[in-house]
Every structure is written in structure tokens, then in C-alpha cells.
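Chemist: Spelled out from the first residue to the last, the chains are:
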Amino acid sequence: GAVVSQHPSRVICKSGTSVKIECRSLDFQATTMFWYRQFPKQSLMLMATSNEGSKATYEQGVEKDKFLINHASLTLSTLTVTSAHPEDSSFYICSPGTSGYNEQFFGPGTRLTVL
Amino acid sequence: DAKTTQPPSMDCAEGRAANLPCNHSTISGNEYVYWYRQIHSQGPQYIIHGLKNNETNEMASLIITEDRKSSTLILPHATLRDTAVYYCIVKTQTGANNLFFGTGTRLTVIP
Numbered sequence: 029g030a031v032v033s034q035h036p037s038r039v040i041c042k043s044g045t046s047v048k049i050e051c052r053s054l055d056f057q058a059t060t061m062f063w064y065r066q067f068p069k070q071s072l073m074l075m076a077t078s079n080e081g082s083k084a085t086y087e088q089g090v091e092k093d094k095f096l097i098n099h100a101s102l103t104l105s106t107l108t109v110t111s112a113h114p115e116d117s118s119f120y121i122c123s124p125g126t127s128g129y130n131e132q133f134f135g136p137g138t139r140l141t142v143l
Numbered sequence: 071d072a073k074t075t076q077p078p079s080m081d082c083a084e085g086r087a088a089n090l091p092c093n094h095s096t097i098s099g100n101e102y103v104y105w106y107r108q109i110h111s112q113g114p115q116y117i118i119h120g121l122k123n124n125e126t127n128e129m130a131s132l133i134i135t136e137d138r139k140s141s142t143l144i145l146p147h148a149t150l151r152d153t154a155v156y157y158c159i160v161k162t163q164t165g166a167n168n169l170f171f172g173t174g175t176r177l178t179v180i181p
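Protein sequences appear in the order of chains F and P. In terms of my numbering, the first sequence is residues 29 to 143. In terms of my numbering, the second sequence is residues 71 to 181.
Hints in this document: simulated from the structure, not taken from any laboratory. Wrong hints could be hidden among the right ones.
To be verified - Here are the simulated DSS-like cross-link-like pairs (lysine-lysine), alpha carbons at most 30 Å apart as the crow flies:
id	chain 1	residue 1	chain 2	residue 2
1	F	K83	F	K42
2	F	K83	P	K161
3	F	K69	P	K161
Go ahead and model the full structure; you've got the sequences and the hints to work with.
Modeler: Okay, here's the thing in C-alpha cells:
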């Protein structure tokens, strides 16, 4: 199956700082990238969908100016949490769109803790 | 996509079969049943999927009822590493579609 990596795997930052999370699809080209977040003891929730070379589409309740998504290439998408606050502490997971496969593949996740 | 209902938690003895049920009574004809699992602090992992026939792979078996309103994921010989949250998801088989994760079943394999 497809290999997806995320960096960093975990990050701790101070309130008010910005954090960038990278997601790479290592062995195939992803024209679409899904970004999920997962709060403790909750299920994954889709935040946004990005398409290579165009603006991301955000789910209701997700601030597009706070969660900046860049999908500049077919193998790299980034999520930047700007001016992070403790309520942004969560597990962030990327998943490339996989037309041609029956299943979805997911990155290993990035655990963000905002102090 | 149709909604699914799963028990919130289950226990299973190590080495025994784990049978995880899922109800999807509003499934439509072109929707598949997918199973994923998420081990703690990891991304979800695909397990198996099916349309109406029973399916088996190296990880699990999927039994779908004839009316397709429910299914059961079977892990034939559960190990401690199978402890995870298991998600049953119903969706059409088209590419580049995001998945809707319900609450899933937290399976705990007990030594």
C-alpha cells in the first residue's frame, strides 16, 4: 500500500506561536489531501480537503485563516496552525486521496500540544 | 453515505476470535462496507472491505448479511497488538473520497 509520512510526529509549543506540519506521500502522487484532527477520546474529524495547486476547502467550523493548508506539489502538503492556543492541542492526521486504490491510507499523525 | 452503529467497547481473550458487529441498515446498493482500525496514537489502518460477499484477507474476515444491513468483522486469533478502535464505514467505492469516522468499537484484547 501507499506510504505516507508526517513530520514532526509530536510538537510542543507555546501559546501564540505557529506550527507547521508536513505530510508526504512517498510512493505515489496525491492530487488531493485530506486533513483530519482528533481530540482526546474522540473520533477523527475532517478539517479540510486540499487539491494540488488550488485553495483548500474547509469543513464547517474550521477557520481557514487559522489552519493554513498548502498543497504545492503532488507529494507534499503542509498544515500550519497559526497563533496556536491550548484548544488547538490535538492529533492531526493527513490522508492522500487515492483514486485507483480501494482503501485510504493515513499518515502516522502529529500530536500537537500547546502550552 | 449511510450511517453505521457499533458497540462502544468489547473485550476478547488473547488467542480467541474477536467478532465485531456493525449495523448499517440504511446502506444503499452501491455502498461498500469498509473496516479500519486505529491503534493508540497512530493513524488509521485499512483492514478489509466488501460489497455483499464474504471476504477474507491476511488480517481478518468480513461477513455481510444477505440483506446487507449488518456485518461482522472477525479477527480469527486476536493478539495483544490487535487492541485498537475499530471503525465500520459505509461508502461508495470512488477514489479520492474522505472517510466519515463514527465512534467505532474499542477492542481490548486481554492476556
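Chemist: If a hint holds in the structure, say so; if it does not, say that too.
Modeler: Outcome of the hint check:
no.: 1; hint: K83(F) - K42(F); verdict: holds (28 Å)
no.: 2; hint: K83(F) - K161(P); verdict: holds (26 Å)
no.: 3; hint: K69(F) - K161(P); verdict: holds (24 Å)
Going down the numbered hints, you'll see the structure goes against none, and every one checks out.
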